[in-house]
Amino acid sequence: MTTYPTGASEINEMANETPNIKIYISGHADSYVPHLNTFYPIRVGAASGGDVPDGWLRDDTGENISSKNESYCELTAQYWAWKNDSADYYGFFHYRRYFSFSEQHFRANPFGEVHEPFNDGETLKKYKIDDATIIDTVKKYDIVIPDEGGFSEKNLTLYRQYCISTVQHASDLDFVLDIIRRDYPQMYPYAKRYLNRTHGYFCNMFIMKRELFCKYCEWLFDILEKHERAVDISDYSKQARRVHGYLAERLCGIYLYYLEKTSDVKILKLQRVYFENTDREQDILPAFEKDNVAAVFSANDLYAPYLSALLQSVKEHSSAEHNYDLLVLHKDISETNRRKLQKQVCGENISLRFINVKRRMTKYKNLPLRGHFREETYFRLLLPDLLPRYDKILYLDSDMIVCEDIAELYAESVENYLLAACKDADTAGLYNGYEPNKKNYMDNVLKIKKPYEYFQAGTILFNLNMFRKNYTVEEVMRFAMSYPWELLDQDVLNYLAQGKTKFIGMEWNVMVDWRGIRIKEIIGRAPHYLYDEYMRARKAPKIIHYAGPAKPWHSPSFDFADIFWDHARRTPYYETALMRMMTLQTANIKRKKKRSLLKTWARSVANVFFPVGTKRRNKLKKFLKIK
Numbered sequence: 265m266t267t268y269p270t271g272a273s274e275i276n277e278m279a280n281e282t283p284n285i286k287i288y289i290s291g292h293a294d295s296y297v298p299h300l301n302t303f304y305p306i307r308v309g310a311a312s313g314g315d316v317p318d319g320w321l322r323d324d325t326g327e328n329i330s331s332k333n334e335s336y337c338e339l340t341a342q343y344w345a346w347k348n349d350s351a352d353y354y355g356f357f358h359y360r361r362y363f364s365f366s367e368q369h370f371r372a373n374p375f376g377e378v379h380e381p382f383n384d385g386e387t388l389k390k391y392k393i394d395d396a397t398i399i400d401t402v403k404k405y406d407i408v409i410p411d412e413g414g415f416s417e418k419n420l421t422l423y424r425q426y427c428i429s430t431v432q433h434a435s436d437l438d439f440v441l442d443i444i445r446r447d448y449p450q451m452y453p454y455a456k457r458y459l460n461r462t463h464g465y466f467c468n469m470f471i472m473k474r475e476l477f478c479k480y481c482e483w484l485f486d487i488l489e490k491h492e493r494a495v496d497i498s499d500y501s502k503q504a505r506r507v508h509g510y511l512a513e514r515l516c517g518i519y520l521y522y523l524e525k526t527s528d529v530k531i532l533k534l535q536r537v538y539f540e541n542t543d544r545e546q547d548i549l550p551a552f553e554k555d556n557v558a559a560v561f562s563a564n565d566l567y568a569p570y571l572s573a574l575l576q577s578v579k580e581h582s583s584a585e586h587n588y589d590l591l592v593l594h595k596d597i598s599e600t601n602r603r604k605l606q607k608q609v610c611g612e613n614i615s616l617r618f619i620n621v622k623r624r625m626t627k628y629k630n631l632p633l634r635g636h637f638r639e640e641t642y643f644r645l646l647l648p649d650l651l652p653r654y655d656k657i658l659y660l661d662s663d664m665i666v667c668e669d670i671a672e673l674y675a676e677s678v679e680n681y682l683l684a685a686c687k688d689a690d691t692a693g694l695y696n697g698y699e700p701n702k703k704n705y706m707d708n709v710l711k712i713k714k715p716y717e718y719f720q721a722g723t724i725l726f727n728l729n730m731f732r733k734n735y736t737v738e739e740v741m742r743f744a745m746s747y748p749w750e751l752l753d754q755d756v757l758n759y760l761a762q763g764k765t766k767f768i769g770m771e772w773n774v775m776v777d778w779r780g781i782r783i784k785e786i787i788g789r790a791p792h793y794l795y796d797e798y799m800r801a802r803k804a805p806k807i808i809h810y811a812g813p814a815k816p817w818h819s820p821s822f823d824f825a826d827i828f829w830d831h832a833r834r835t836p837y838y839e840t841a842l843m844r845m846m847t848l849q850t851a852n853i854k855r856k857k858k859r860s861l862l863k864t865w866a867r868s869v870a871n872v873f874f875p876v877g878t879k880r881r882n883k884l885k886k887f888l889k890i891k
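To convert, count from 1 in the sequence shown and add 264; that's the numbering used here.
Source of the hints: derived by calculation from the structure; they are not laboratory data.
Note that beta-carbon positions come from the ideal geometry of N, C-alpha and C, so glycine has one too.
It is possible that part of the hints are untrue.
[Claimed, not checked] Distance windows between CB atoms, simulated:
{"id": "1", "residue 1": "E699", "residue 2": "H818", "range": "15 to 25 Å"}
{"id": "2", "residue 1": "R617", "residue 2": "Q368", "range": "32 to 42 Å"}
{"id": "3", "residue 1": "P453", "residue 2": "R603", "range": "45 to 55 Å"}
{"id": "4", "residue 1": "P453", "residue 2": "K418", "range": "21 to 31 Å"}
{"id": "5", "residue 1": "D547", "residue 2": "P453", "range": "51 to 61 Å"}
{"id": "6", "residue 1": "S677", "residue 2": "Q762", "range": "11 to 21 Å"}
{"id": "7", "residue 1": "E612", "residue 2": "E367", "range": "50 to 60 Å"}
{"id": "8", "residue 1": "T736", "residue 2": "S350", "range": "35 to 45 Å"}
{"id": "9", "residue 1": "R371", "residue 2": "A293", "range": "25 to 35 Å"}
{"id": "10", "residue 1": "E417", "residue 2": "E839", "range": "38 to 48 Å"}
{"id": "11", "residue 1": "K533", "residue 2": "E739", "range": "38 to 48 Å"}
{"id": "12", "residue 1": "E580", "residue 2": "L848", "range": "25 to 35 Å"}
{"id": "13", "residue 1": "L848", "residue 2": "K713", "range": "37 to 47 Å"}
{"id": "14", "residue 1": "R617", "residue 2": "K502", "range": "23 to 33 Å"}
[Claimed, not checked] Straight-line alpha carbon distances no greater than 25 Å define the calculated PhoX-like cross-link-like pairs of lysine-lysine that follow:
{"id": "15", "residue 1": "K392", "residue 2": "K347"}
{"id": "16", "residue 1": "K733", "residue 2": "K714"}
{"id": "17", "residue 1": "K525", "residue 2": "K456"}
{"id": "18", "residue 1": "K622", "residue 2": "K392"}
{"id": "19", "residue 1": "K622", "residue 2": "K703"}
Go ahead and model the full structure; you've got the sequences and the hints to work with.
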């Protein structure tokens, strides 16, 4: 029978040298774990297959229960460490949850957790998660445990919460309580007392001295194995089959509470920090070894149907002679949409991959936005760092349709240039008087030396090598945040690429006639050679750009809308796009109808209180400026 420590005297004192602290980070192949000497990432459930990142431990070597990961969850890592590894202190964190070692107390939710978007360098520094602080803190104590947390519902006990959960069975908790009552009677009163509390120790997180840890594991796995042998969980739901992980969370709390009340072991309580995104940054290699035509897009989850139409157009105008390496930069595109798009597009010579830039963008919180522009427009500024294995790449806005093979454009040489792009006849028209302040802004604020060489950034062939030689991403982003530029990153790129831009034909970026005024009122004011080039490009566009707040998926009568809908019709999102447009159109009709009804009502009221032909009527009309 397991015996329990009753005081610090029973725990071996460590030598004065630095203790060997191993904190195992239970995770999966796509999880990012900071490189600390005290952190030991371990792939749980490795026996079921899948990737194990370089430098990670795995829980399926030596004596292990890796194959039981479905029900034991992260405990398979704990069992492996107990049976196979040696340390002075054993600690267990999750890939999403660490302890905060800061002396500062941070605002937490009822569950006792502080939330952060990423476990990046700045965040680790904030919570003093570094080797020196961890070692200096841990060596002073026998056990480090999490602060107590509770539930959003007041007065809900630890026992009651387990029993009413839709993914847990009360009978399982009663069963292990009965084991404690029978086999560990000295602990049973404390178990009952602990479970009757409204706050407890969650997430199976702790750091323990070796002797305490070994005794805890003997006790814990003895109970769980007895439950496993006696209880049939074959009919449990997928979530409920995590039963031994759930039970361990309550058992861990019982064990810690028992030590608190019956021993003089030195215990430190620390806050838990939950990281919302811990995706490992990918090392993106070209998808194909030969003839790799690389193109990148930026989008969000809401934009998936319109991105789908663009990707369909790229696919339909692709050639068997080339390989197409398509990349999408995003922060929130769901796994469902990613898989749907890949199924739609991918083939023998077409690859589609998604790069989550959320972690990279988190430090650029002051990027200016205006109008219909969203944060996604800045993603392309990350490309030199995001794609270090690429020499050049074609960037296309997601509100486009391709009408020719993009391999033709990708083959364009950009040697000795930062980028290749099309001159912007629209901006030239604004500069020439359509927008009164545009000239002053271009000349004196943005300081564009040749305003008629300003380019439209919807289509850009980047020379990434040249960009890396001239600017760091940090420098570019600082410049982007330094002023509320009118056209955001487009202005930034134009300023940086002055004298280093290769101009390509406008047919590669034909902007639609937005609201029927772009050609007549704006481009019509541009220098005649830009106007003529634009009009020639319209006759045979290679890429159509639906630039502006109004889009073809808002109305089928939009300029070049038929080409968008022709491609959208052959995507898995056609019905979604159609439904959205119909909903928008219906809302517009209702708004117009409301305005019409309001007008009719107002007129009827006026006819009563301000009769036609009276002085009151004339005064009202004058006041309302009605002719």
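Against the structure, the hints:
1. E699 - H818: 15 to 25 Å: Between E699 and H818, where Cβ atoms are some 24 Å apart, the hint holds.
2. R617 - Q368: 32 to 42 Å: 40 Å, holds
3. P453 - R603: 45 to 55 Å: Holds, since P453 and R603 (Cβ atoms, about 52 Å apart) stay within the stated range.
4. P453 - K418: 21 to 31 Å: At 25 Å between Cβs, range holds.
5. D547 - P453: 51 to 61 Å: With Cβ atoms ~55 Å apart, the hint holds.
6. S677 - Q762: 11 to 21 Å: 20 Å, holds
7. E612 - E367: 50 to 60 Å: Holds, since E612 and E367 (Cβ atoms, about 58 Å apart) stay within the stated range.
8. T736 - S350: 35 to 45 Å: Roughly 44 Å apart at Cβ, these two residues keep to the hinted range, so it holds.
9. R371 - A293: 25 to 35 Å: 33 Å, holds
10. E417 - E839: 38 to 48 Å: Taking Cβ atoms as reference, E417 and E839 lie about 41 Å apart, which means the hint holds.
11. K533 - E739: 38 to 48 Å: Hint holds: Cβ distance 44 Å, inside 38 to 48 Å.
12. E580 - L848: 25 to 35 Å: At 27 Å between Cβs, range holds.
13. L848 - K713: 37 to 47 Å: 42 Å, holds
14. R617 - K502: 23 to 33 Å: Holds, since R617 and K502 (Cβ atoms, about 29 Å apart) stay within the stated range.
15. K392 - K347: 30 Å, violated
16. K733 - K714: Holds. K733 to K714 sits at ~24 Å (cutoff 25 Å).
17. K525 - K456: 13 Å, holds
18. K622 - K392: Judged against 25 Å, a Cα distance of about 23 Å means the pair holds.
19. K622 - K703: Distance ~36 Å between K622 and K703 Cα, so the pair is violated.
Consistency with the previously given hints fails for numbers 15, 19, ordered from lowest to highest.
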